[in-house]
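Visitor: Protein sequences, first through last, are from chains A and B.
With our numbering applied, the first sequence covers 166 to 378.
With our numbering applied, the second sequence covers 1140 to 1419.
Honestly, the hints are just simulated from the structure, not real lab data.
C-beta: ideal position from N, C-alpha, C; glycine also.
Some clues are possibly wrong.
To be verified - Chain A side only, calculated, beta carbon under 10 Å to chain B, not exhaustive:
hint, residue
1, D245
2, G247
3, V256
4, R260
5, S266
6, L267
7, G309
8, S313
9, E320
10, V325
11, P326
12, S327
13, R347
14, G350
15, N351
Said to hold, decoys possible - Each computed DSS-like pair below joins lysine-lysine, with the alpha-carbon atoms no more than 27 Å apart:
hint, chain 1, residue 1, chain 2, residue 2
16, A, K215, A, K277
17, A, K277, B, K1157
18, B, K1302, B, K1235
19, B, K1141, A, K236
20, A, K242, B, K1141
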Amino acid sequence: MMSEIEMSRRGVLAGSAAAAALAAAPPAEAQPAKAPAPAIMPVSLTINGKRRDLNLDTRTTLLDALREHLKLTGTKKGCDHGQCGACTVIVNGERINSCLSLAVQHQGDEVKTIEGLGTPDKLHPMQAAFVRHDGYQCGYCTPGQICSAVAVLDEIKRGVPSHVQADLSARPQPTDIEMRERMSGNICRCGAYSNIAEAMAEVAGATVKEMGA
Amino acid sequence: MKLEIETPRHLVDVQDLKLDRIEPTTDGGLRIGALVTNTALAADTRVRRDYGVLTRAIVAGASGQLRNKATTAGNLLQRTRCPYFYDPNMPCNKRKPGSGCAAIGGYSRQLAVIGSSDQCIATYPGDMAVAMRVLDAMVETVKADGTSRAIPIADFHRLPGEKPHLDNNLEAGELITAVTLPRPLGGTHHYEKVRDRASYAFALVSVAAVIQKDGSGRAAFGGVAHKPWRVEAADAVMTQGAAAVTARAFANARPTENNAFKIPLATRALAATIAEGKSA
Chain A
166 MMSEIEMSRR
176 GVLAGSAAAA
186 ALAAAPPAEA
196 QPAKAPAPAI
206 MPVSLTINGK
216 RRDLNLDTRT
226 TLLDALREHL
236 KLTGTKKGCD
246 HGQCGACTVI
256 VNGERINSCL
266 SLAVQHQGDE
276 VKTIEGLGTP
286 DKLHPMQAAF
296 VRHDGYQCGY
306 CTPGQICSAV
316 AVLDEIKRGV
326 PSHVQADLSA
336 RPQPTDIEMR
346 ERMSGNICRC
356 GAYSNIAEAM
366 AEVAGATVKE
376 MGA
Chain B
1140 MKLEIETPRH
1150 LVDVQDLKLD
1160 RIEPTTDGGL
1170 RIGALVTNTA
1180 LAADTRVRRD
1190 YGVLTRAIVA
1200 GASGQLRNKA
1210 TTAGNLLQRT
1220 RCPYFYDPNM
1230 PCNKRKPGSG
1240 CAAIGGYSRQ
1250 LAVIGSSDQC
1260 IATYPGDMAV
1270 AMRVLDAMVE
1280 TVKADGTSRA
1290 IPIADFHRLP
1300 GEKPHLDNNL
1310 EAGELITAVT
1320 LPRPLGGTHH
1330 YEKVRDRASY
1340 AFALVSVAAV
1350 IQKDGSGRAA
1360 FGGVAHKPWR
1370 VEAADAVMTQ
1380 GAAAVTARAF
1390 ANARPTENNA
1400 FKIPLATRAL
1410 AATIAEGKSA
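Next comes chain A alone, as it looks inside the complex:
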């Protein structure tokens, strides 16, 4: 939640950035070789519990801010347009594709990446379950899979409905088919899906008997 003061500060910043963008626009006859100076804006986010202040080209995606500016390279760039899910991070408690979001739209947001879920010495339960169930081969999609899996279990807990739910008034359960449906935005070209589903089932406390239901 933003305070009134922060809101108006943001408005001022947005206004001055727009003015900067206007000033930077080239005249019609300008040499094409001379690119206009990019519009730079400050943005502050909380990443894995730590406040980070950045000055970014307004065109920078959240994904590029994480990888290129903060060197948090755990989050991966796969397709870079919202089809593969490798860039999934958790923002204000909800998973999103960080490649499709501009960093400047996340002023004040809380971002959790794979680095914030756990460390090699202290794995998050979902990370440990992925290791135990061999939920990957090449590993490239894995950070996105794990962030998504953690958020999926939370969505089920919060009662967010899904396509495979027969009764919309009922609370969803962490069955295999529910988790598979909800994970469809994370592509694994190695095809580790069944092991990912088993890892999630373990964390959810669900039985693996429902597999293939």
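Based on the hints, put chain B in the right spot on chain A.
Guide: Quick look at chain B alone, frame taken from chain A:
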């Protein structure tokens, strides 16, 4: 934008406009703020109870990650498009007016069977709007001069005609503020989406339907036209069964060899929803 099909000079961030509430209207309906996310709208208990077709359509679309960011207005405004639109090496009247259409005579399995023109056979790809069409939603807007209007969803999206680069009837500078749903219709609510894989794929054909106990009802189809497709005269024969409805709804269809299958598929998908309604 990533493919440089759109290269806007400016983007205006509207996310702090406080249009993220779902409120009851005085005539027993719901007003959905433009910035309500797809996830929040699908999960709203009033929507699940009274407008189940809308929840079902939303959760049939995109992925969990995308639904968390997608908004009510943004979803309505997704481009009506086809694979050739994304390929700047190919002609596309929608991407570059007057350049031609590579889809006509090209690979058109996914594309429109009705309401298309000699300039464009793209389909509206969304699910949410198909449910809103069957519910007769209204799109509330405000123009740059401050005046507001409400556009029936039936008139919101356009057929391609001679101007396929225009997907909808918004004016330049006009902003969607809300979508309102009329009072609940009752009946059973269905969204049947037929696609090439079970999740995270566009519809080949989808049907949003509200079926009443006496067998009457209404249906809108997705994946078949440049806009959500509903013919009220076809709804009128719902009690005669799915074939009677689609005979009217697709009377003037102009399918290609690749996509003629969509018409019998629409009949079967509607038959499935009618059967589901009877057993509910």
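Visitor: Does each hint fit the structure? Answer for all of them.
Guide: Against the structure, the hints:
{"no.": "1", "hint": "D245", "in the structure": "holds (6 Å)"}
{"no.": "2", "hint": "G247", "in the structure": "holds (6 Å)"}
{"no.": "3", "hint": "V256", "in the structure": "holds (8 Å)"}
{"no.": "4", "hint": "R260", "in the structure": "holds (5 Å)"}
{"no.": "5", "hint": "S266", "in the structure": "holds (7 Å)"}
{"no.": "6", "hint": "L267", "in the structure": "holds (8 Å)"}
{"no.": "7", "hint": "G309", "in the structure": "holds (9 Å)"}
{"no.": "8", "hint": "S313", "in the structure": "holds (7 Å)"}
{"no.": "9", "hint": "E320", "in the structure": "holds (7 Å)"}
{"no.": "10", "hint": "V325", "in the structure": "holds (5 Å)"}
{"no.": "11", "hint": "P326", "in the structure": "holds (6 Å)"}
{"no.": "12", "hint": "S327", "in the structure": "holds (5 Å)"}
{"no.": "13", "hint": "R347", "in the structure": "holds (5 Å)"}
{"no.": "14", "hint": "G350", "in the structure": "holds (2 Å)"}
{"no.": "15", "hint": "N351", "in the structure": "holds (8 Å)"}
{"no.": "16", "hint": "K215(A) x K277(A)", "in the structure": "holds (10 Å)"}
{"no.": "17", "hint": "K277(A) x K1157(B)", "in the structure": "holds (25 Å)"}
{"no.": "18", "hint": "K1302(B) x K1235(B)", "in the structure": "holds (11 Å)"}
{"no.": "19", "hint": "K1141(B) x K236(A)", "in the structure": "holds (22 Å)"}
{"no.": "20", "hint": "K242(A) x K1141(B)", "in the structure": "holds (13 Å)"}
Violated hints for the displayed structure: none, as all numbered hints are satisfied.
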